[in-house]
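J.: Build the complex from these two chains, which are given one at a time in their own frames, with help from the hints.
Protein chains in written order, with the working numbering: chain L, 1 to 346; chain H, 1 to 266.
For the record, the hints were derived by calculation from the structure and aren't laboratory data. Check the hints yourself; a few may be wrong.
Here are the simulated lysine to any residue pairs, SDA-like style, with alpha carbons at most 20 angstroms apart [what the hints assert, rightly or not]:
| id | chain 1 | residue 1 | chain 2 | residue 2 |
| --- | --- | --- | --- | --- |
| 1 | H | 33 | H | 160 |
| 2 | L | 217 | H | 75 |
| 3 | H | 97 | L | 190 |
Residue strings, one per chain:
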Amino acid sequence: MPKIIRKKLLINIIAVVMMFLLLCILFDTELLGRKAAYFNGLVTIGMFYTIIVCSLNLLTGYMGEFSLGHAGFMSIGAYASAIGTTLISNRTELPDIVLYIIAIIIGGMAAAIVGVLVGIPALRLSGDYLCIVTVAVAEIVRVILSNVGIEEITGNATFGKSFAGIARVSDYHYVFITMIICIAVMYSYIRSRYGRALISIREDRIAAAASGINVTKTKVLTFTISAAFAGVAGAIYAHYITTLVPTYFNFSKSSEFLAIVILGGSGSMTGSIIAAPILSALPQLISYVFPDFASYRMLIYAVVLVVVMIFKPTGLFGGKEFSLSDLILKPKSKKTQVLSQKVNQE
Amino acid sequence: MAEEKIPVLETKSLGIQFGGLKAVNDVNIEIYKGELIGLIGPNGAGKTTIFNLITGIYTPTTGSYILCGKRMNGLKTHQVVEAGIARTFQNIRLFKKMTVLENVKVAFNKNMKANLMQSIFRTPYFWKEEEETTEKAMELLKLFKLDGFADQFAENLPYGKQRLLEIARALATDMKLLLLDEPAAGMNPVETAELKESIKMLREKFGIPILLIEHDMSLVMSICERIYVLNFGEILASGTPDEIAGNKEVIEAYLGKEDEDEGGDV
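Isolated chain H, as found in the complex (with noise of 0.2 angstroms):
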């Protein structure tokens, strides 16, 4: 029982500064097992910033963060990675002219054993993992109904397809902690319900957390148990969507004050 309460991500006052900016300042985040955390706020609050902190992007200026009970501050972006956190980016970061299936079978590439000897010699085992990497990426691809493109280049896939790849693709890497940039930024409607369907058996199937910045709304509040606002790089408010929706200081950092409305900007 005891082992449940320690968080899966755990930022203890996490902050940076590019100069005199302090980007992020004393950010404090918990995420546990199984749980769908919304991160909100207004364009440039920092959001995309705490992931660049967290996979090692950047290097903290302030506080650290750890990743079940290790201390992650000052590892490099694969190691992060290979220690279990994988994320997608606000805008699709895809290996273009690779195909779809490669784009997944590059992800599983720090579990392959193959060496360099082994891999220029063809030796059976070289045979044996690459097929069964491919049997896998297939099998992630088939989850997000991508398996009818794996021949094709990552670039030819429609928008939405592409983001469901980026997904694919940090699943590959058999993570503990997902992070979710934007994931439905620039969808449409019916995209983003396919998204939602993915993201909900997502958790239904491995059972990850899953950190999520987005900006639609009806997403975030549907989907997200807890949800951190995020403004001017400081934690504004924490709770449950409901909460959330309600409390007048997320409103004024979105909508700004209402005395203010009248006279505001022509």
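Bound-form chain L, shown alone (with noise of 0.2 angstroms):
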């Protein structure tokens, strides 16, 4: 590993520690007295916001193809660790983090296979057309979950009526770290030579062909990662909300996802990594800062979206990242880029 490496993961480690130290004081003292419970909840959402807003931006921004179903992965993936750990915990008694880690993998696998399956005649499609595939997949999925039952969970109804009583296992402790590893993996899958062929593919189809990359190949193994991670948020959410109902991974939660993608910046993880926690957590803040505006708080949020939109179509980080080691390292070098570039462009 080269040095210049080893120290930046160093001072992102460091960083990532404070994080949770600082989400440590905040949460398991009496220092947010009551609020602790709600702002806990704000932050767990937003940390499961963050690892299906990056799994979409790994589609949306590095293999430039659209999906408007992700809310479908993720309830595969709620609804199959929901079902595997409520069995499980019918038969046996299990430590809480036991139970996690278990509806995490129950979670991420059933996505991925359906990922695979999905994207293997899907991925012959690009742009609008593998769209709307996406969306059909998440609306199969979701009318599937709305009339099947299971009947040692369910008794006689179906999962579209009644799946409560999933074990409460979604510790923001173990949420936080979870979320690291996801971005870590993600980001590493970027930065590696299957990230590379995944941009070239974005960048020119037919020259990454020429260029000896197998390009359904490459789609299908990022599309499967995609859902895997969509699916591990889905796990997150069940076992935080503990009810599910099919009905909350609709079109528009989808859109939603890709909306903050886009917001962010396509392409840019330390964007969706930012974007993520905050536009999750806008409308709640908006009606808990002033009760009076509550119901506007939807309005709100589209106002913010159309002046992003107006002002930096690219999104808040367009396509780059933000780096801390690099600030702290040389913290000049951000002031010669932008020199270099603008010399560039003369």
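T.: The following block contains the structure:
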């Protein structure tokens, strides 16, 4: 491992640990008092939003294909993991952490399997057509979930009517660590030969093939990875909310994820990481801070989207990454970069 | 000695039909080791279509093409590259939002071995391979005097350099045959001279056979050993530059018949 990378890694690890400690101080002490539970919830939701938005960014930003069905993959992860943990905890008592890990693995695997099955035929398409297929898949999943049931869990009813009593194991400590791992995995995927191949496909599919890249394979692999992380996010959601309804995972949820990706900047992981928690919490925060305006919260959300799109059409980060370690190691490099860019333009 | 006589690339009555149009028909081309072959012809003659056929972008409707004794029909583009044919494009196709270095590194992808797990967990092997690939890519860039631009986005390169980068990227695929599609198009005379030097250098250094589509006749005539002339999708003539330059049919294909000139279009 090159020296500079080791340094950067160290800085990032320190930053992550500090974040973690900050959360611990906020939620595990009496600092916030009774409000702690409320903010704890916002943060946990923000964290699984971060995972799913990053996973969608993998498709939208790096592969250059839109998916409007990510809520579908999320629901697969959510239901599969919830069924799994409910069946397990009906039989044996397991500690929370074990149950949580099982949930994450089941959720990720289930979504990945569906991702492969959908991806292999669907990724022959691209652009608008692929987009429509993803919508269709998500809707199919939703309708199926609304109409089937498992006797041991839901009795005679279907998942659409009742699926409550899922073990609440998505503790924010675990979720935070999961989120960091997910982001790290996706980031190193992008910064490897696989990611390079992926971005080259986005830039020019034919040239990528003519450079020896197996376009279909790379696309299916990425689609699967993306679906898997959406499933992980679903598993976290299920074990935090503890009650699932198929209608939560509808089209507008998918488009919300996509809106966050675009807003943060497609092709920028840091953009997604910053935009996801803010936008997922924004409606809640508005109604919390201005109770009088609570009914206008979705309007304000929409205004934020429109304003950003007008003034920064490429999203907040516009395909660039924010790097803490660059900021610390060579604080002047940014200025010189901007300068050299200006020189180039002239 | 027997091996010497197997052509690197051989097309056997290669052809493709789009609807009723025979875009390429009954084309027989042979390229031997170390040769630099020109492929010329008027616009729309089917030169680029031949490239697209050979690189698997189109599937031939008739005939076949053979690389070093291996039949290549039906292979996908990336498989063709793996077998050893690399190409550049008429209208430059670079990965614009990737750096110059990354553009070349992408083409090394097929020879890299680090699997998904090694890449994600950043094993020592991953780092070693990345470093080696960067070194190899930088060497290639140096050959084309592009090493100073390594960290720039490809789209910010001047036009002539973009052409060279495309050739560098093609070379990175470690090929047996290089196809250059109008590398001098849109270049100024200085850039063309630079390109000529680069092509000469390629041949000396790598000894790879090159099939070159080009409209710049002085370039083609001065560097190619043999030339194929294509017109309406068929081979009109082939031979050394001198033979081609004196060939009446070729002149007609480019300029029209003499007696038609007088009453020509208004």
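J.: Mind listing which of the numbered hints don't hold for this structure, in increasing order?
T.: 1
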